[in-house]
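Heads up: the sequence lines are chains A and B, in that order. Using the working numbering, you'd call the opening residue of the first sequence number 1 and step up by one each time. Using the working numbering, you'd call the opening residue of the second sequence number 1001 and step up by one each time.
If you are wondering where the hints come from, they were derived from the structure by calculation, not from laboratory data. Predicted model, so just to flag it, every value in this text is computed and none were measured. Quick reminder that beta carbons are idealized off the backbone N, C-alpha and C, glycines included. Among these hints, one or two may not hold up.
[What the hints assert, rightly or not] Examples of chain A residues lying across from chain B (beta carbon under 7 angstroms, computed):
1. Phe33
2. Ala41
3. Tyr43
4. Leu46
5. Leu47
6. Thr48
7. Phe121
8. Ile264
9. Pro265
[Claimed, not checked] Covered stretches of chain B (in silico footprint by chain A; criterion: 3 or more residues with CB under 8 angstroms from a CB of chain A, positions within the stretch not fixed):
10. 1065-1071
11. 1083-1091
12. 1107-1117
13. 1159-1173
14. 1214-1223
15. 1227-1235
16. 1276-1284
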Amino acid sequence: MAVDNAVRSSRAVRHRGALAVFLVPFAVLFTLFYLVPILYAVYQSLLTVEREGTFGPAVQVFGGLTQYIQVFQNEPFWASIGRVLLFGVVQVPIMLGLALILALLLDSPLVRGTKFFRLAFFAPYAVPAVIAAIMWGFLYSPNLSPFTAVTSNVDLLSAETVLWSIANVVTWVYVGYNMLIIYSALLSIPQEIYEAARLDGAGQFRIAWAIKIPLVVPALVLTGIFSIIGTLQLLAEPQVFQSFSSAVTSTFTPNLTIYSTASIPNISLAAAMSVVLALATFILSFTVLKLTQRRATS
Amino acid sequence: MTVTTETRALRTQGARVKPSRDGGIRESAISRAVAMAVMIVATLYFLTPLWWLFVASTKTRQEFTTTNPLWFSDFALFDNIAALIQYRDGVFLQWLANSALYAGVGAALATLIAAMAGYAIAKYSFRGRETFFNVILGGVLVPATALALPLFLLFSQAGATNTIWAVLLPSLVSAFGVYLSRIYAAASVPDEIIEAARIDGAGEVRTFFTVATRLMAPALVTIFLFQFVAIWNNFFLPLIMLRDEGLFPVTLGLYVWNTQVSQIPDIRALVVIGSLLSIIPLIVTFLALQRFWQSGLANGGLK
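Given only the sequences and the hints, what does the whole structure look like? Please build it.
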């Protein structure tokens, strides 16, 4: 990275001991709890269970891509992937759009009391996903909700609507967090840039559209990628909603499918699903990164 | 006004001079009104559920369903807290303590370990440095939930599931922390200061602890805070690792209670008051440290 200003390499040899103190703890933990689990999941996904006869003891043997064939034939798994993709296509733009609008308003001279609003919007981020889901689950329940005008007309926990009710929980928790990242990017724009626009008589709306938004695109890409990862990994909110709505099945999202497959127990199939999901997540976020980079350079 | 000086202080870190907020053309009263209306509606959206949770926590079981959900009736908050604490020999307090242990110790150690690695990558050159860094960056893109199942399989091979270590050890890795530390150390710890410390005879490790950590403080607080929240909110890992109720973090405990509401209706009141108590520590931590993490995010998080 260009900002780096490392001390010359001859020093490195002299400070080998110090380097080991700095690097070894992280390297060991990262290997044990990141790399080894990933490799182990891949290894486990290549195994399959065989029995001698119907009632013989189960033995794990190398099965090649057997489990992956199973994954690709597993309809609930693909249905759950389709469900979170639909969720993401709708929820991520809404969430980031809201975050962008609120960040721009906070950064504009139109709004007073920015410190209060910043904290008010960010507060839900301090609520764990499980607690947020429990709270909104109560708010959606017709006999408890303060919003009876809504809940008496629409069943927010029915099969048709529950996905969007969960989307609202995720949006509520993460808008403020994303807003803060975008707002930080806005704060780092030098004020001189706005001078010329002001002299030309551009209003706040035009300044936001023509100057601010293009300059915060990197922050939007970052928040977008983390949102995509989060969407594919949805687990806590739907898991909690199983208590409120029978429409949330044990294969509602990919991670729920993996969890219920692992508790059958069919560990190898669950491991293969984890590998496929991790690859899908990686490819999707990588593609978003590349697409936006190309647009930025062209 | 303290509000504007605070924002201005933040702004001037990036920009040299900030012209007056009211400078340039005057904005019309209509745009101001619309902007404020949007902010107020957004505030209602974000704060109403929290307000509801607080009001609901102050009600007796009967009033919970029969009175206005957004306003107080009899103030039974302390009775509810007492009932929560007494339930099943204070298991809720045990959960809070567990969460504090996992998140507090986990985040503190994760911050230290990530800061050392990030600092070393920024300030020393060694063979394989970029590869090492890129592998760690790849780790930022691997979500914690994807690792939970393989971690469970590994820990069960070692016979270590259903222990504190099964939740604590994986929480010590913060790939994002290494990334942020590297960028922050490169920008805020000058080589001259490290040289000066060397001339004074301080060892490399001591220089890191006495000089570098101080200069990197905003980044360290940011890493600590986000790791703290990540561990406190983590659900999947404890869900599959722990069976013993005494080891549960508060999120898992409340989740389990919530699944029991249909069999034990009285437990719902405990879920409500427990939810309120479990978010207060996080909100207090964020408020207390906001000066640090906001500048940490602004300076390092986004380059």
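The hints, checked one at a time:
1. Among the interface hints, the one on Phe33 of chain A holds; its C-beta lies about 4 angstroms from the nearest C-beta in chain B, closer than the 7 angstroms criterion.
2. Hint status for Ala41 of chain A relative to chain B: holds, with the closest Cβ pair at about 4 angstroms, below 7 angstroms.
3. The criterion of a C-beta within 7 angstroms of any C-beta in chain B is not met by Tyr43 of chain A, whose closest approach is roughly 9 angstroms, and the hint is violated.
4. Taking 7 angstroms as the C-beta cut-off, the interface hint given for Leu46 of chain A is violated, the closest approach to chain B being about 13 angstroms.
5. Interface hint status for Leu47 of chain A: violated, as the beta-carbon distance to the closest one in chain B is roughly 11 angstroms, over 7 angstroms.
6. Proximity of Thr48 of chain A to chain B is violated relative to the hint, the smallest CB-CB distance being about 16 angstroms (cut-off 7 angstroms).
7. Hint status for Phe121 of chain A relative to chain B: holds, with the closest Cβ pair at about 5 angstroms, below 7 angstroms.
8. At its closest, the beta carbon of Ile264 of chain A sits 13 angstroms from a beta carbon of chain B; the interface hint therefore is violated under the 7 angstroms criterion.
9. Given the 7 angstroms rule on beta carbons, the hint for Pro265 of chain A is violated: about 10 angstroms separates it from the nearest Cβ of chain B.
10. Three residues within the 8 angstroms Cβ limit are the bar, and the stretch 1065-1071 of chain B against chain A gives 4, so the coverage statement holds.
11. Note: the stretch 1083-1091 of chain B has 0 residues with beta-carbon separation from chain A under 8 angstroms; the three-residue rule is not met and the coverage is violated.
12. A count of 4 residues in the stretch 1107-1117 of chain B with a Cβ less than 8 angstroms from any Cβ of chain A is obtained; the coverage claim is therefore met, three being the minimum.
13. With 4 residues carrying a beta carbon less than 8 angstroms from a beta carbon of chain A, the stretch 1159-1173 of chain B meets the three-residue requirement, and the given coverage holds.
14. Only residues whose C-beta sits within less than 8 angstroms of a C-beta in chain A count toward coverage, and the stretch 1214-1223 of chain B has 0 of them, not enough to reach three; the restraint is violated.
15. Coverage of the stretch 1227-1235 of chain B by chain A holds [criterion: at least 3 residues with CB-CB distance below 8 angstroms; count 4].
16. Under a criterion of three residues with beta carbons nearer than 8 angstroms to beta carbons of chain A, the stated coverage of the stretch 1276-1284 of chain B is upheld, 4 such residues being counted.
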